[in-house]
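Chemist: Sequence:
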Amino acid sequence: MPVRSVPGAASVALPQDGKLFAPASARNCEAIGQLLAMVAPPRGRALELASGTGQHVVAHAARLPGLSWQPTEVDAVRRDSIRTYIQEAGLDNILPPVALDATAPGWAAQHGQQDLIVLVNLLHLVSEAEAKCLITEAAAALAPGGRFVIYGPFTRGGALTSEGDRSFDAALRAHDPETGYKDDFDVIDWLHNAGLELLQAVEMPANNLALAAEKPRG
Numbered sequence: 004m005p006v007r008s009v010p011g012a013a014s015v016a017l018p019q020d021g022k023l024f025a026p027a028s029a030r031n032c033e034a035i036g037q038l039l040a041m042v043a044p045p046r047g048r049a050l051e052l053a054s055g056t057g058q059h060v061v062a063h064a065a066r067l068p069g070l071s072w073q074p075t076e077v078d079a080v081r082r083d084s085i086r087t088y089i090q091e092a093g094l095d096n097i098l099p100p101v102a103l104d105a106t107a108p109g110w111a112a113q114h115g116q117q118d119l120i121v122l123v124n125l126l127h128l129v130s131e132a133e134a135k136c137l138i139t140e141a142a143a144a145l146a147p148g149g150r151f152v153i154y155g156p157f158t159r160g161g162a163l164t165s166e167g168d169r170s171f172d173a174a175l176r177a178h179d180p181e182t183g184y185k186d187d188f189d190v191i192d193w194l195h196n197a198g199l200e201l202l203q204a205v206e207m208p209a210n211n212l213a214l215a216a217e218k219p220r221g
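For the sequence shown, counting from 1, position 47 maps to 50 in our numbering; every step adds exactly one.
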């Protein structure tokens, strides 16, 4: 599937000290980290999809040292930024970033037996078909008992619940009609259809939502 362009406001990353800095990532990192500390397994392999600038993966690796983190990113410039963050962090539980389009079919075969998969702020930037493909591949890549955490903005029961969400969703759809907010109930159905069990849906700051799902052991 092609890599989609997004409106500038959807993916702001500013050059800073040889790497990229995303203000949104700085704002949501702590809340996401607190959630992961509650739902992530204490040890094992963790795969971050669409790692972006690299701000999140170094913070999560520091918070959850029992996990070996694999950042992934389709964009080469952002992979360079991730490498810089990793070098500066000096942590030994982060692998070098690899190129991966999480919306393309087949990637689970190269990234199997994950104990944790994390996806932040991507579903609203891709089509429904791409979102379903991503979830199917993530489910296939999880080890039994592995967990998948999705964070981002959603419609709730088919409704946009704030003026900011209505404006952002409209901007996304004007730029690319196939993108836009996904509904929380639909995404939960897609998780179930992929063989995962929803553990919890957690309200997050700035009207975002996190969905935590698990691959059954049996």
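Calculated from the structure, these hints are not laboratory results.
Honestly, I wouldn't trust all of these hints.
[Said to hold, decoys possible] Here are the simulated distance ranges between beta carbons:
1. Ala-107 x Glu-200: 21 to 27 Å
2. Pro-208 x Ala-79: 30 to 36 Å
3. Glu-181 x Gly-109: 36 to 42 Å
Built from N, CA and C at the ideal position, the CB exists for glycine as well.
Chemist: Now, for every hint given, state plainly whether the structure supports it.
Modeler: The hints, checked one at a time:
Ala-107 and Glu-200 have their C-beta atoms about 25 Å apart, which keeps the hinted 21 to 27 Å range intact. Pro-208 and Ala-79 have their C-beta atoms about 31 Å apart, which keeps the hinted 30 to 36 Å range intact. Hint check: Glu-181 to Gly-109, Cβ distance near 21 Å, so the stated range 36 to 42 Å is violated.
The structure does not agree with numbered hint 3 stated previously, though it agrees with all others.
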